[in-house]
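Number of protein chains: 2
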Amino acid sequence: MAEKSSVTLHGMWASPFALRAKLALKIKGIEYEYIEEDLQNKSELLLQYNPVHKKVPVLVHNGLPITESLIIVEYIDEAWTEPPHLLPKDPYLKAKHRFWAAYLQQIAEILGKALITESKPSEDMMKKMDVAEELIKAELFHNGCPSFEDAKPGYLDIVLYSLLGSSDVAEEFFGFRPFNAERYPFLSSWINALKEVPEVQDVTPPKDKVIELLHAMRQSYLHTKA
Amino acid sequence: MAEKSSVTLHGMWASPFALRAKLALKIKGIEYEYIEEDLQNKSELLLQYNPVHKKVPVLVHNGLPITESLIIVEYIDEAWTEPPHLLPKDPYLKAKHRFWAAYLQQIAEILGKALITESKPSEDMMKKMDVAEELIKAELFHNGCPSFEDAKPGYLDIVLYSLLGSSDVAEEFFGFRPFNAERYPFLSSWINALKEVPEVQDVTPPKDKVIELLHAMRQSYLHTKA
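Residue numbers (the UniProt record's numbering), protein chains in the order written: chain A, 1 to 226; chain B, 1 to 226.
Here chain A stands alone, though its shape is the one from the complex (with noise of 0.2 Å):
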């Protein structure tokens, strides 16, 4: 079926979802089709998929749209049932990734927010970040360190790094760091294990382009408020 299938992922460069979808693809050795979006003109193709929310990514499988990017992630490691697994096939341990990868998004769409308004993140986010700290460390690592040498990332990695892999760029253009190492060590070296992984710098836009259309975005969003 992976051979013969057609595959095809809308995208945009630089969105951390469609991001979610290219790993995925590329962690299960799944050849595809890249269409680069331009979302201020979005395709006719994207507008017909994606009807509800017109959004990237997209993925099209033997004609078929799966929208949404975590679903998209579920959707790959169904349809395509050879290893490596996105997930763990242990429904409990499948309970857990699900638990903390919604976690970590609600976590971002608030750090998110605040970045928007170029506010810091209040002690209250950061404080929900210290419990994902914590606990995702003692119930799903054993208090180790994450290590890629003998596995593939999965679900919650790509989760993880597509919401915080980018906190160098975040710093670089705000000039202050969402999370840093000493309060978050467990999770900083959980994103730097990640940054080693091949398919994983695949897939991760250059900084410096990154950079260049987040000042593109702020003149834009200051030339509509002036």
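Careful: at least some of the hints might be erroneous.
In this list, chains with the same sequence are indistinguishable; a pair is considered to hold if it fits within one copy or across any two.
With a straight-line Cα cutoff of 20 Å, these simulated SDA-like cross-link-like pairs (lysine to any residue) come out [unchecked claim]:
id	residue 1	residue 2
1	55	8
2	55	105
3	54	92
4	225	141
No lab work stands behind these hints, which were simulated from the structure alone.
For this one, chain A is given, so just place chain B on it according to the hints.
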């Protein structure tokens, strides 16, 4: 596995999220012990099992806690592999069910906020519901009528019913109907079909008791504000 395992659910009788877990267990025919939580005075066990959100429902299966209602429903479907299945086996259909469940959940959150401030749902929200009315019917029901004569309710039915199954309660308490059969004939007939299912009737709290609770909550809210 289903026969010999220990299954406990921590819930609260009127919680629509606990209802999801109860309904999933009923439909799968899983015996369980039920622990009613007093949300003003939560049990030590609840706080120990769900230290992050401290909320019901929590499912405890052979000593392992699973939290968050949608994760619990997926867990139940995966840990008890016998039919009926709550999610379709086909990955594409599964992705569609997950997509629409998330969409309905988003609408219900907006609706919930409107109800808390006792304001009518906005036209924008009603339009979002139009999208669900039209597209779920076309994509998942081939424009036919929902029926549970030959099939048990599944994941998406559980989500829909938990969110919009008590609109008659809302009508009686708030004095207006959050959604009506004229504008949403498909969603209304779907919910009505679900109301005929014995497992659904088993887990639905009595309307009078829910309205009594809503009155008490309003009094307590007004008292806090005074």
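Hint by hint, which ones does this structure get wrong, listed from lowest number up? Violated: hint 4 alone.
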